[in-house]
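The whole structure should be built from the sequences, with the hints applied where relevant.
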Amino acid sequence: MSGYTAATRIRWTEWLPWIAALAFFFLMPEYLSLGARILIFILFALSLDLILGYAGIVTLGHSAFFGLGAYTAGIVSAKLGVQDNFLQLIAAAGAAAALGAATGAIILRTRALTLLMLTLAITAILLEIANKWSSVTGGADGLSGVTVAPILGLFKFDIFNRTAFLYGLGVLFVAWWVVRRIIYSPFGAVLTGIRENRARMHAVGAPVYGRMVLIYAISATIAGIAGALLTQVNQFVGLNVLGLEPSGDILVMLILGGVGRLYGAFVGPVIYLIAQDWLAKQYPEYWYFGVGALLIAVVLFAPGGILGLADQVRDKCLRLFKPRSSAKASAR
Amino acid sequence: MPAALQTEKLCKSFGALTVADNIDFRLEPGARHALIGPNGAGKTTFVNMLTGVLAPTSGKILLDGEEITRTNQAARVRRGLGRTFQITTLFRNLPVLDNVALSIAERTGVARRMWRSASSHKDIIEEAGNLLAALGLADEAAAAAQDLPYGKQRLLEIAVTLGLKPRVLLLDEPAAGVPSHDSGLVLRQLEKLSSDIAVLIIEHDMDLVFRFASRITVLVQGQVLVEGTPAEIAADRRVRDVYLGEGHG
Amino acid sequence: MILYVISVGLSVTMGLMGFINLAHGVFAMAGGFVLSGAMARFGVPFPLAVAAAFVLVALGSIVFERLLYSRLYGKPELAQVLFSIGLILVSMAAARLLFGDQAARILLPEYLRGQVHFLERDFPTYRVFIIGFSFLIILGLWFGVERTRWGAMVRAAVDNRAMAQSVGINTRRLFMLTFALGSGLAGLGGALGADILPVQWAYPFEHLVYFLIVVAVGGLGSLRGPFIAALLIGVADTACKYWTPEFGAFLVYAATIAVLLWRPMGLFGVRA
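Protein chains in written order, with numbering that gives the first Met the number 0: chain G, 0 to 331; chain F, 0 to 248; chain P, 0 to 271.
For the record, the hints were derived by calculation from the structure and aren't laboratory data.
In this text, a Cβ means the ideal position worked out from N, Cα and C, and glycines have one as well.
It is possible that part of the hints are untrue.
[Claimed, not checked] Some, not all, of what chain F presents toward chain G, calculated at C-beta under 8 Å:
1) Met0
2) Pro1
3) Asn92
[Unchecked claim] Have a look at the derived ranges for each label pair, beta carbon to beta carbon:
4) F/Asp146 to G/Leu86: 39 to 45 Å
5) P/Arg172 to G/Cys316: 38 to 44 Å
6) F/Arg91 to G/Asp157: 48 to 54 Å
7) G/Ala111 to F/Glu65: 16 to 22 Å
Take a look at the structure:
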């Protein structure tokens with residue numbers, strides 16, 4: 000998908016998610032709270048895809064940045080009285096970026112299991128801090144008293160979540176556009192190269208480590224913004240934004256949709272969160288069972304996630320209709 | 000005039016095992032130099048030390064007169080030291096063109112850019128295309144690297160390294176694994192290399208070595224046995240003794 | 000110390016087989032349930048029940064290995080991580096369905112309750128027993144791996160699977176047995192530890208981080224490593240909770256990070 004031979008024009012299919020989102024807004028106004036939540040997790044998944052799908056960094060600690068962003072926005076609002084939503088976002092982004100750069104610089108020299116462990120440890124530490132430092136974070140009760148001033152002075156957060164949804168959609172759109180540019184840029188090609196063959200990247204003189212820290216920090220920033228959005232929409236921050244669980248959740252969502260495809264980050268959370276909203280309330284034990292089984296099935300049979308399956312189906316159909324077309328390798 | 004690449008008393012030991020013993024080596028600018036020796040002589044270890052993959056136990060390495068013993072791999076590449084691998088190391092799932100474009104982008108600094116799309120960098124694409132054409136790979140530019148026949152993959156590896164415009168080129172067994180009808184292909188490309196580049200090849204294929212090199216160094220058990228012109232090496236009794244047990248490489 | 004018994008199994012599977020199995024805690028949990036079930040429902044005496052935990056879990060794990068794990072041996076790390084997460088979720092859900100929300104109840108036999116007087120201090124008998132038992136296990140494992148032919152074969156197979164196969168070592172069966180051993184040890188640990196670490200449906204997830212820490216810090220593929228690591232972590236954790244309760248587990252995590260950065264392969268890691 001990235002690279003020097005890729006076509007970069009925005010295909011018409013790429014407008015579908017946005018059209019769908021707007022349709023959702025007008026057609027299903029009762030579900031806007033869920034909708035906003037989906038948007039936030041799409042943003043979170045997008046940030047994870049940058050490092051997982053493109054640079055190949057496997058992490059269980061991405062919730063650290065999400066949670067840090069969430070808490071920063073919350074603290075800045077509830078404890079420091081900053082009401083402006085953009086300032087809150089900037090604060091969260093800054094904190095997450097700083098943590099991303101610092102931790103990335105330290106841990107990205109390691110590989111595989113050690114790296115995984117370190118990412119886990121970092122989010123675990125943050126969870127501990129949030130838990131114990133209750134004067135600032137509200138501890139196990141969470142941080143309430145978060146207020147957000149009307150956006151641009153005009154749009155208040157209403158109880159129907161209309162503002163929240165459109166606000167989230169706006170932020171997501173900007174982030175999507177930025178991520179898309181990065182992926183198609185020469186830097187994006189470098190990331191793909193790092194994922195595909197790290198030894199080769201070293202041998203062509205790429206400062207691999209530096210590039211990885213950079214994308215890690217960018218990804219952290221986006222995750223932090225997602226976390227801040229969650230705080231702004233809920234006007235509350237709980238401990239469940241940190242730790243292994245949200246990291247695992249977002250990983251599952253992304254895998255479900257398809258890693259390294261940009262839009263896997265859109266498909267995954269939509270399906271997961273809608274299913275969760277529907278099923279988990281009725282049959283909580285079965286929900287986890289189902290997710291686990293689905294995960295195993297995906298890993299064994301459909302490693303490309305839903306979009307990967309869709310690709311396979313499409314290829315099979317094409318081959319039925321054009322049996323003699325030359326097999327040109329599709330660059331992904 | 001300083002050597003393009005030089006080592007002084009380069010040593011490497013793993014515990015009690017010495018794989019490189021006081022190697023003094025000079026690669027002249029524009030050279031066509033070959034490094035040969037029986038299996039296990041330490042040739043690849045030597046190249047790994049030259050490129051920075053492996054740190055020497057002692058000794059110095061100089062590139063164009065400047066010491067690079069402590070410089071890391073990527074930095075050496077940026078200073079003009081290119082290398083191909085014995086086992087093909089490419090971006091197998093990426094198109095052939097991208098493989099080369101990546102190295103060109105690194106050299107020109109374009110690789111850092113995050114804003115404009117990669118495919119809009121026409122100059123990089125054009126340079127990559129020219130390089131592929133020069134090596135006879137233009138037709139396969141859009142194919143995935145792993146779909147190429149093995150001989151062409153080896154050529155692609157050379158193309159990728161040439162994209163760096165290296166001043167010194169280390170080729171680790173460029174013809175290894177290439178079916179004999181294709182190894183002529185590899186040799187022709189090697190002969191077309193610019194005389195600005197100092198080339199060192201490690202090879203077992205003696206035909207290739209004797210047709211390509213103007214100087215040969217023989218490495219045995221981590222030590223330089225002898226160095227000279229192809230004629231001198233061919234006539235040297237010690238070399239023939241070493242290879243007698245091996246048979247033809 | 001329970002951490003050790005459970006985690007050494009993980010060190011075995013991860014280090015020797017190169018497979019990232021986060022679901023290891025599942026086998027420990029299974030062991031705990033087997034012990035409880037055996038003793039409560041079938042009236043099996045403690046030592047026998049513990050042995051049963053080991054054997055049954057080991058056998059059960061073979062089923063898993065044959066059906067599921069073996070498909071993932073060469074696959075990239077991400078696939079293995081995801082698979083094991085999936086397995087954890089499935090098992091936790093199943094455990095909750097089967098056993099409800101309660102922890103498995105264990106009735107320790109008379110001779111293991113109470114205290115032991117040693118060096119002017121009173122130590123809970125059971126914990127002393129566990130420490131001693133773990134020591135025996137480490138000796139047994141060391142003996143098994145270093146001295147026996149089996150151990151040599153495993154080490155060879157891990158070092159270079161293709162090579163080992165070409166010398167006639169049946170790597171598939173070898174891996175299967177090793178996995179069984181590792182999981183059986185987990186079951187054993189879960190069973191023995193059931194008194195101290197209550198076994199309920201969320202068990203694998205709750206303690207996952209600790210298992211991983213012990214293994215990562217101790218070093219993959221080593222036997223002594225997790226022992227020392229478990230010891231250190233157990234001590235550090237208790238000490239921290241005692242002296243600086245505000246910091247809780249913070250120091251353990253920080254220490255883990257420090258150790259891993261200093262020695263990425265763990266304190267006694269086998270491969271650099």
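Does the Cβ-Cβ separation between F/Arg91 and G/Asp157 fall within 48 to 54 Å? holds (53 Å)
So, F/Pro1 near chain G? Judge it on the closest CB pair being under 8 Å. violated (22 Å)
Against the range 16 to 22 Å, how does the distance between the Cβ atoms of G/Ala111 and F/Glu65 compare: consistent or not? violated (36 Å)
I want to verify a distance hint. Is the separation of the beta carbons of F/Asp146 and G/Leu86 within 39 to 45 Å? violated (52 Å)
38 to 44 Å was suggested as the range; check whether the CB atoms of P/Arg172 and G/Cys316 agree with it. Cβ of P/Arg172 to Cβ of G/Cys316: about 43 Å, so the range 38 to 44 Å holds.
Satisfaction of the F/Asn92 interface hint, Cβ to chain G closer than 8 Å: holds (6 Å)
Quick one, is the F/Met0 hint okay against chain G at 8 Å, beta carbons? violated (25 Å)
Figure legend: structure checked against the earlier numbered hints; hints not met, in rising order: 1, 2, 4, 7.
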